[in-house]
Amino acid sequence: MHTLAVQLAPILGAEKSKVPFYIAGGLLVAWALFVSLVIGMRRSDFPADTSQQRGVMAISAVLVLAAVSTAVLTSGGASSSEAASSTATQSSAPTVEEPPASTTSTASTGTPTATTGTPAPPSSPAAGNTSSLKLAANPEGQLSYDTKQLSAKAGSVTITLTNASPVEHNVAIAEGAKVLGSTPTFAGASKPVTVTLKPGKYTFYCTVPGHRQAGMEGALSVS
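Taken in order, the sequence shown gives residues 80 to 302; the numbers are from the working numbering.
These are computed hints drawn from the structure, not numbers from a lab.
Incorrect hints may appear among the rest.
Claimed, not checked - Think about it this way: if two alpha-carbon atoms lie no more than 25 angstroms apart in a straight line, the pair counts; the simulated DSS-like pairs of lysine-lysine are:
| id | residue 1 | residue 2 |
| --- | --- | --- |
| 1 | LYS213 | LYS257 |
| 2 | LYS280 | LYS213 |
| 3 | LYS257 | LYS232 |
| 4 | LYS213 | LYS277 |
| 5 | LYS232 | LYS280 |
| 6 | LYS277 | LYS227 |
| 7 | LYS257 | LYS280 |
| 8 | LYS227 | LYS280 |
| 9 | LYS232 | LYS277 |
| 10 | LYS280 | LYS270 |
| 11 | LYS227 | LYS213 |
| 12 | LYS270 | LYS227 |
| 13 | LYS232 | LYS213 |
| 14 | LYS213 | LYS270 |
| 15 | LYS257 | LYS227 |
| 16 | LYS270 | LYS232 |
| 17 | LYS257 | LYS277 |
| 18 | LYS257 | LYS270 |
To be verified - With beta-carbon atoms standing in for the labels, derived distance ranges:
| id | residue 1 | residue 2 | range |
| --- | --- | --- | --- |
| 19 | ALA109 | GLN132 | 16 to 24 angstroms |
| 20 | PRO278 | GLU219 | 34 to 42 angstroms |
| 21 | PRO278 | THR241 | 22 to 30 angstroms |
| 22 | SER115 | VAL147 | 16 to 24 angstroms |
| 23 | ALA266 | ASN208 | 27 to 35 angstroms |
| 24 | GLN228 | VAL287 | 17 to 25 angstroms |
| 25 | GLY207 | GLY289 | 37 to 45 angstroms |
| 26 | VAL287 | GLU254 | 19 to 27 angstroms |
| 27 | PRO218 | VAL258 | 24 to 32 angstroms |
| 28 | SER300 | PRO245 | 29 to 37 angstroms |
| 29 | THR239 | ARG291 | 17 to 25 angstroms |
| 30 | GLY255 | LEU212 | 14 to 22 angstroms |
Where is the CB? At the ideal position from N, CA and C, for every residue including glycine.
Throw the hints in and build the complete structure from the sequences for me.
Encoded structure:
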(Lines of atoms letter the chains of each structure in order from A and count residues from 1; the text may use other names and numbers.)
(Lines give C-alpha, C1' and ligand atoms only; values in the text may rest on other atoms or scores of the structure.)
Protein backbone atom coordinates (compact mmCIF):
# COMPACT_ATOMS: atom_id res chain seq x y z
CA MET A 1 0.00 0.00 0.00
CA HIS A 2 2.86 2.32 0.86
CA THR A 3 4.52 1.51 -2.49
CA LEU A 4 1.26 2.25 -4.37
CA ALA A 5 0.94 5.59 -2.59
CA VAL A 6 4.52 6.49 -3.52
CA GLN A 7 3.86 5.66 -7.20
CA LEU A 8 0.60 7.63 -7.32
CA ALA A 9 2.01 10.67 -5.53
CA PRO A 10 3.56 12.29 -8.69
CA ILE A 11 0.35 11.81 -10.68
CA LEU A 12 -1.88 13.25 -7.98
CA GLY A 13 0.54 16.11 -7.42
CA ALA A 14 0.78 16.93 -11.17
CA GLU A 15 -3.01 17.10 -11.64
CA LYS A 16 -4.56 18.08 -8.32
CA SER A 17 -7.68 19.32 -10.06
CA LYS A 18 -8.55 15.78 -11.22
CA VAL A 19 -8.20 14.09 -7.78
CA PRO A 20 -11.98 14.26 -7.07
CA PHE A 21 -12.68 12.55 -10.40
CA TYR A 22 -10.17 9.81 -9.66
CA ILE A 23 -11.72 9.23 -6.22
CA ALA A 24 -15.29 9.13 -7.56
CA GLY A 25 -14.28 6.87 -10.42
CA GLY A 26 -12.39 4.57 -8.09
CA LEU A 27 -15.37 4.28 -5.78
CA LEU A 28 -17.64 3.49 -8.73
CA VAL A 29 -15.30 0.75 -9.95
CA ALA A 30 -14.88 -0.66 -6.43
CA TRP A 31 -18.65 -0.69 -5.94
CA ALA A 32 -19.20 -2.50 -9.25
CA LEU A 33 -16.58 -5.12 -8.38
CA PHE A 34 -18.02 -5.52 -4.89
CA VAL A 35 -21.56 -6.08 -6.16
CA SER A 36 -20.59 -8.44 -8.98
CA LEU A 37 -17.76 -10.44 -7.42
CA VAL A 38 -18.19 -10.33 -3.66
CA ILE A 39 -21.97 -10.37 -3.33
CA GLY A 40 -23.11 -11.66 -6.71
CA MET A 41 -20.89 -14.74 -6.78
CA ARG A 42 -21.67 -15.71 -3.18
CA ARG A 43 -25.38 -15.10 -3.32
CA SER A 44 -27.02 -16.18 -6.54
CA ASP A 45 -30.37 -14.73 -5.46
CA PHE A 46 -28.99 -11.23 -4.90
CA PRO A 47 -30.80 -8.89 -4.88
CA ALA A 48 -33.38 -10.95 -3.09
CA ASP A 49 -36.13 -8.34 -2.84
CA THR A 50 -37.20 -4.93 -4.11
CA SER A 51 -35.55 -3.02 -1.27
CA GLN A 52 -32.14 -4.51 -2.11
CA GLN A 53 -32.63 -3.67 -5.79
CA ARG A 54 -33.48 -0.08 -4.95
CA GLY A 55 -30.55 0.17 -2.60
CA VAL A 56 -28.08 -1.10 -5.23
CA MET A 57 -29.58 1.19 -7.88
CA ALA A 58 -29.49 4.22 -5.57
CA ILE A 59 -25.85 3.71 -4.59
CA SER A 60 -24.88 3.07 -8.22
CA ALA A 61 -26.72 6.21 -9.39
CA VAL A 62 -25.05 8.35 -6.73
CA LEU A 63 -21.59 7.05 -7.67
CA VAL A 64 -22.21 7.53 -11.41
CA LEU A 65 -23.52 11.06 -10.83
CA ALA A 66 -20.49 11.85 -8.67
CA ALA A 67 -18.10 10.53 -11.33
CA VAL A 68 -19.78 12.52 -14.12
CA SER A 69 -19.95 15.71 -12.04
CA THR A 70 -16.30 15.54 -11.01
CA ALA A 71 -15.31 14.81 -14.62
CA VAL A 72 -17.08 17.97 -15.82
CA LEU A 73 -15.73 20.10 -13.00
CA THR A 74 -12.15 18.88 -13.27
CA SER A 75 -12.12 19.29 -17.07
CA GLY A 76 -13.24 22.91 -16.70
CA GLY A 77 -10.63 23.48 -14.05
CA ALA A 78 -7.94 22.02 -16.25
CA SER A 79 -8.96 24.28 -19.13
CA SER A 80 -8.89 27.30 -16.83
CA SER A 81 -5.46 26.39 -15.48
CA GLU A 82 -4.10 25.82 -18.98
CA ALA A 83 -5.50 29.16 -20.12
CA ALA A 84 -3.99 30.90 -17.10
CA SER A 85 -0.66 29.20 -17.76
CA SER A 86 -0.76 30.27 -21.41
CA THR A 87 -1.57 33.85 -20.43
CA ALA A 88 1.26 33.90 -17.92
CA THR A 89 3.68 32.56 -20.52
CA GLN A 90 2.64 35.21 -23.05
CA SER A 91 2.87 38.01 -20.49
CA SER A 92 6.31 36.88 -19.36
CA ALA A 93 7.69 36.91 -22.90
CA PRO A 94 9.99 39.90 -23.37
CA THR A 95 8.81 42.62 -25.70
CA VAL A 96 11.37 43.59 -28.28
CA GLU A 97 11.08 47.19 -29.33
CA GLU A 98 12.10 47.98 -32.85
CA PRO A 99 14.43 50.93 -33.23
CA PRO A 100 12.81 53.94 -34.88
CA ALA A 101 13.39 54.18 -38.58
CA SER A 102 16.07 56.65 -39.38
CA THR A 103 14.92 59.56 -41.43
CA THR A 104 17.28 61.10 -43.88
CA SER A 105 16.64 64.54 -45.17
CA THR A 106 17.63 65.22 -48.69
CA ALA A 107 18.90 68.70 -49.26
CA SER A 108 17.18 70.37 -52.12
CA THR A 109 19.42 71.94 -54.69
CA GLY A 110 18.65 75.03 -56.66
CA THR A 111 19.67 73.45 -59.94
CA PRO A 112 16.56 72.87 -62.05
CA THR A 113 16.05 69.39 -63.42
CA ALA A 114 15.58 69.20 -67.12
CA THR A 115 12.63 67.09 -68.19
CA THR A 116 12.78 65.16 -71.39
CA GLY A 117 9.47 65.08 -73.16
CA THR A 118 8.33 62.12 -75.21
CA PRO A 119 8.74 63.00 -78.86
CA ALA A 120 5.52 63.02 -80.80
CA PRO A 121 5.21 60.16 -83.27
CA PRO A 122 5.77 61.19 -86.85
CA SER A 123 2.52 61.86 -88.60
CA SER A 124 1.57 59.49 -91.34
CA PRO A 125 1.94 61.08 -94.74
CA ALA A 126 -1.43 59.62 -95.71
CA ALA A 127 -3.28 60.97 -92.66
CA GLY A 128 -4.67 63.99 -94.50
CA ASN A 129 -5.50 62.24 -97.78
CA THR A 130 -9.15 61.68 -98.67
CA SER A 131 -10.33 59.71 -101.69
CA SER A 132 -13.94 59.57 -102.88
CA LEU A 133 -14.78 56.82 -105.35
CA LYS A 134 -18.02 56.04 -107.15
CA LEU A 135 -19.32 52.57 -107.95
CA ALA A 136 -22.61 51.50 -109.55
CA ALA A 137 -24.47 48.21 -109.78
CA ASN A 138 -25.95 47.15 -113.10
CA PRO A 139 -29.27 49.05 -113.35
CA GLU A 140 -30.94 46.19 -115.26
CA GLY A 141 -30.51 43.78 -112.35
CA GLN A 142 -27.51 41.86 -113.66
CA LEU A 143 -25.02 40.74 -111.01
CA SER A 144 -22.16 43.08 -111.87
CA TYR A 145 -20.58 46.44 -111.05
CA ASP A 146 -19.79 49.06 -113.65
CA THR A 147 -16.04 48.54 -113.04
CA LYS A 148 -13.68 45.90 -111.68
CA GLN A 149 -10.79 48.23 -110.88
CA LEU A 150 -10.60 51.17 -108.46
CA SER A 151 -7.59 53.16 -107.21
CA ALA A 152 -7.14 55.61 -104.35
CA LYS A 153 -4.55 57.38 -102.22
CA ALA A 154 -3.64 56.02 -98.78
CA GLY A 155 -5.76 57.57 -96.05
CA SER A 156 -9.53 57.93 -95.80
CA VAL A 157 -11.22 56.16 -98.71
CA THR A 158 -14.97 56.44 -99.40
CA ILE A 159 -16.78 54.30 -101.95
CA THR A 160 -20.33 55.41 -102.77
CA LEU A 161 -22.39 52.60 -104.29
CA THR A 162 -25.37 53.51 -106.49
CA ASN A 163 -27.90 50.70 -106.96
CA ALA A 164 -30.72 51.70 -109.32
CA SER A 165 -31.85 48.11 -109.93
CA PRO A 166 -34.65 46.34 -108.03
CA VAL A 167 -32.16 43.70 -106.85
CA GLU A 168 -30.57 44.41 -103.47
CA HIS A 169 -26.79 44.82 -103.42
CA ASN A 170 -24.02 46.18 -101.20
CA VAL A 171 -20.27 46.73 -101.39
CA ALA A 172 -17.67 45.57 -98.88
CA ILE A 173 -13.98 46.47 -98.71
CA ALA A 174 -11.70 43.65 -97.60
CA GLU A 175 -8.03 42.97 -97.04
CA GLY A 176 -7.64 39.28 -97.74
CA ALA A 177 -10.38 37.51 -95.78
CA LYS A 178 -10.88 40.42 -93.35
CA VAL A 179 -13.78 42.77 -94.13
CA LEU A 180 -12.78 46.34 -93.24
CA GLY A 181 -16.11 48.00 -93.96
CA SER A 182 -19.39 47.55 -95.83
CA THR A 183 -22.51 49.42 -96.88
CA PRO A 184 -25.92 48.09 -95.86
CA THR A 185 -27.76 45.92 -98.37
CA PHE A 186 -30.23 48.09 -100.29
CA ALA A 187 -31.94 48.77 -103.62
CA GLY A 188 -32.95 51.95 -105.44
CA ALA A 189 -30.58 54.31 -103.62
CA SER A 190 -26.94 55.27 -102.98
CA LYS A 191 -24.96 54.31 -99.84
CA PRO A 192 -21.35 55.15 -98.90
CA VAL A 193 -18.74 53.17 -96.96
CA THR A 194 -15.61 54.86 -95.55
CA VAL A 195 -12.45 53.12 -94.33
CA THR A 196 -8.86 54.19 -93.61
CA LEU A 197 -6.43 52.29 -95.80
CA LYS A 198 -2.67 51.97 -96.05
CA PRO A 199 -0.88 51.46 -99.36
CA GLY A 200 -1.59 47.97 -100.67
CA LYS A 201 -3.98 45.74 -102.57
CA TYR A 202 -7.61 45.35 -101.47
CA THR A 203 -10.81 43.89 -102.89
CA PHE A 204 -14.37 45.13 -103.08
CA TYR A 205 -17.37 42.86 -103.59
CA CYS A 206 -21.08 42.29 -102.88
CA THR A 207 -21.65 40.12 -99.79
CA VAL A 208 -25.17 39.02 -100.81
CA PRO A 209 -24.94 35.21 -101.15
CA GLY A 210 -24.06 34.22 -104.73
CA HIS A 211 -23.46 37.76 -106.04
CA ARG A 212 -19.67 37.76 -105.64
CA GLN A 213 -19.45 34.35 -107.28
CA ALA A 214 -21.51 35.72 -110.19
CA GLY A 215 -18.97 38.50 -110.82
CA MET A 216 -19.75 41.37 -108.43
CA GLU A 217 -16.17 41.96 -107.25
CA GLY A 218 -13.12 44.01 -108.18
CA ALA A 219 -9.63 45.13 -107.13
CA LEU A 220 -8.84 48.29 -105.14
CA SER A 221 -5.27 49.61 -105.39
CA VAL A 222 -4.12 52.06 -102.71
CA SER A 223 -0.86 53.98 -103.16
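Against the structure, the hints:
1. In summary, the hint linking LYS213 to LYS257 is supported, as the alpha carbons are separated by about 22 angstroms, within the 25 angstroms threshold.
2. The straight-line distance between the Cα atoms of LYS280 and LYS213 is roughly 18 angstroms, inside the 25 angstroms bound, and the hint therefore holds.
3. At most 25 angstroms may separate the alpha-carbon atoms for a hinted pair to count; LYS257 and LYS232 meet this at roughly 20 angstroms.
4. The suggested pairing of LYS213 with LYS277 holds, with an alpha-carbon distance near 19 angstroms, which does not exceed 25 angstroms.
5. Restraint check for LYS232 and LYS280: the C-alpha separation of about 12 angstroms stays at or below 25 angstroms, so the hint holds.
6. Using a Cα cut-off of 25 angstroms, the hinted pair LYS277 and LYS227 holds, with the two alpha carbons roughly 20 angstroms apart.
7. Simply put, LYS257 and LYS280 have alpha-carbon atoms about 13 angstroms apart, close enough for the 25 angstroms limit, and the pair holds.
8. Among the hinted pairs, LYS227 with LYS280 is consistent with the structure: their alpha-carbon atoms are about 13 angstroms apart, no more than 25 angstroms.
9. Our distance criterion of 25 angstroms between C-alpha atoms is met by LYS232 and LYS277, whose separation comes to about 8 angstroms.
10. Taking the CA atoms of LYS280 and LYS270, the gap is about 23 angstroms. The hint holds against a cut of 25 angstroms.
11. For the hint pairing LYS227 with LYS213, the CA-to-CA distance comes to about 12 angstroms; that is within 25 angstroms, so the pair holds.
12. Simply put, LYS270 and LYS227 have alpha-carbon atoms about 18 angstroms apart, close enough for the 25 angstroms limit, and the pair holds.
13. Among the hinted pairs, LYS232 with LYS213 is consistent with the structure: their alpha-carbon atoms are about 14 angstroms apart, no more than 25 angstroms.
14. A distance of roughly 10 angstroms separates the Cα atoms of LYS213 and LYS270; the hinted pair therefore holds under the 25 angstroms criterion.
15. The hinted pair formed by LYS257 and LYS227 meets the criterion: a straight-line CA distance of about 19 angstroms does not exceed 25 angstroms.
16. With a C-alpha separation of about 21 angstroms, the suggested pair LYS270 and LYS232 falls inside the 25 angstroms cut-off, and the hint holds.
17. Between the alpha carbons of LYS257 and LYS277 the distance comes to roughly 14 angstroms, so the proposed pair stays at or under 25 angstroms and holds.
18. Distance restraint check for LYS257 and LYS270: the Cα-Cα separation of roughly 21 angstroms lies within the 25 angstroms cut-off, and the hinted pair is therefore satisfied.
19. For the pair ALA109 and GLN132, the supplied restraint of 16 to 24 angstroms holds, since their beta-carbon distance comes to about 20 angstroms.
20. As the Cβ distance of PRO278 to GLU219 is approximately 36 angstroms, the hint placing it in 34 to 42 angstroms holds.
21. Checked against the hint of 22 to 30 angstroms, the pair PRO278 and THR241 passes, with Cβ atoms roughly 27 angstroms apart.
22. Distance hint check: the CB atoms of SER115 and VAL147 are about 21 angstroms apart, consistent with the given range 16 to 24 angstroms.
23. In this structure the supplied range 27 to 35 angstroms holds for ALA266 paired with ASN208, their Cβ-Cβ distance being about 32 angstroms.
24. Take GLN228 and VAL287: their Cβ atoms lie about 21 angstroms apart, and the range 17 to 25 angstroms holds.
25. Separation of GLY207 from GLY289 is about 40 angstroms and conforms to the stated range, judged on CB atoms against 37 to 45 angstroms.
26. For VAL287 paired with GLU254, a C-beta distance near 20 angstroms keeps the hint of 19 to 27 angstroms intact.
27. For the pair PRO218 and VAL258, the beta carbons lie near 26 angstroms from each other, so the given range of 24 to 32 angstroms is met.
28. The hint said 29 to 37 angstroms for the Cβ distance between SER300 and PRO245, and at roughly 32 angstroms that hint holds.
29. Remark: the range hint 17 to 25 angstroms for THR239 to ARG291 is upheld by a beta-carbon distance near 19 angstroms.
30. Against the hinted window of 14 to 22 angstroms, the Cβ-Cβ separation of GLY255 and LEU212 comes to about 20 angstroms, which satisfies the hint.
Violated hints for the displayed structure: none, as all numbered hints are satisfied.
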